[in-house]
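A.B. asks: So you can see what is in the structure, the chains are spelled out below.
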Amino acid sequence: NAGVMQNPRHLVRRRGQEARLRCSPMKGHSHVYWYRQLPEEGLKFMVYLQKENIIDESGMPKERFSAEFPKEGPSILRIQQVVRGDSAAYFCASSRQGNNSPLHFGNGTRLTVT
Amino acid sequence: KQEVTQIPAALSVPEGENLVLNCSFTDSAIYNLQWFRQDPGKGLTSLLLIQSSQREQTSGRLNASLDKSSGRSTLYIAASQPGDSATYLCAPADGTSGSRLTFGEGTQLTVNP
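Going down the list, the protein sequences come from chains E and Z. Residue numbering for the first sequence follows this note's numbering, starting at 373 and increasing by one per position. Residue numbering for the second sequence follows this note's numbering, starting at 15 and increasing by one per position.
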């Protein structure tokens, strides 16, 4: 059973470029979550998606950040016009159901903005 | 807004000791609470999930308790081993259908052989 797969593991972008982070949930899981871990801080919720729907985006920054989970293919977290403050580890998690199901996390994508 | 505090921030023990990690949270309106471990440079591994209606959950050498009304959870690790060395995170779940986890800063555990 493959776990939650995230790629790339490491991503370097210059200020102003776009970053696209991909997440494939565990087999049989249709609920996807994105979390961010800034240096020296705990993980913070960003967004919760089901197939083709954003359910809760209360943790997403208002500008430059977007997320999708299409009918086919992985979930994508997109950051436009990256700034140094976006440097962080971005973790994706998935669950079988949205309610009271354990979350399974991927190994994260470490984004560095130079 | 949910806030989570974990005590102690760091713990170093000799192999074989039993130990307790503490977690407190400010908003008791939660769906469940999960305990995770995080190894350096890795993602999180789910250890235990306690439903809001439960008091306790056990898996092997791990036992987690939940006192929702007082906003507390503990993780008990029996007969600790060097392989238990990691950061342990507690995360109560709220939001839409319990989908949003709020994480503490974690307890960094080192078990010395």
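These aren't lab readings, by the way, just hints derived from the structure by calculation. The beta carbon of each residue, even a glycine, is placed where N, CA and C say it ideally should be. Watch out, some of these pointers could steer you wrong.
Examples of chain Z residues lying across from chain E (beta carbon under 8 Å, computed) [said to hold, decoys possible]:
hint, residue
1, Tyr45
2, Lys56
3, Gly57
4, Leu58
5, Gln65
6, Gln68
7, Arg69
8, Gly109
9, Phe117
10, Gly118
11, Glu119
A.B. asks: Hint by hint, note whether the structure agrees.
C.D. replies: Verification of the hints:
no.	hint	verdict
1	Tyr45	holds, 6 Å
2	Lys56	holds, 6 Å
3	Gly57	holds, 4 Å
4	Leu58	holds, 4 Å
5	Gln65	holds, 6 Å
6	Gln68	violated, 11 Å
7	Arg69	violated, 16 Å
8	Gly109	holds, 6 Å
9	Phe117	holds, 4 Å
10	Gly118	holds, 6 Å
11	Glu119	holds, 5 Å
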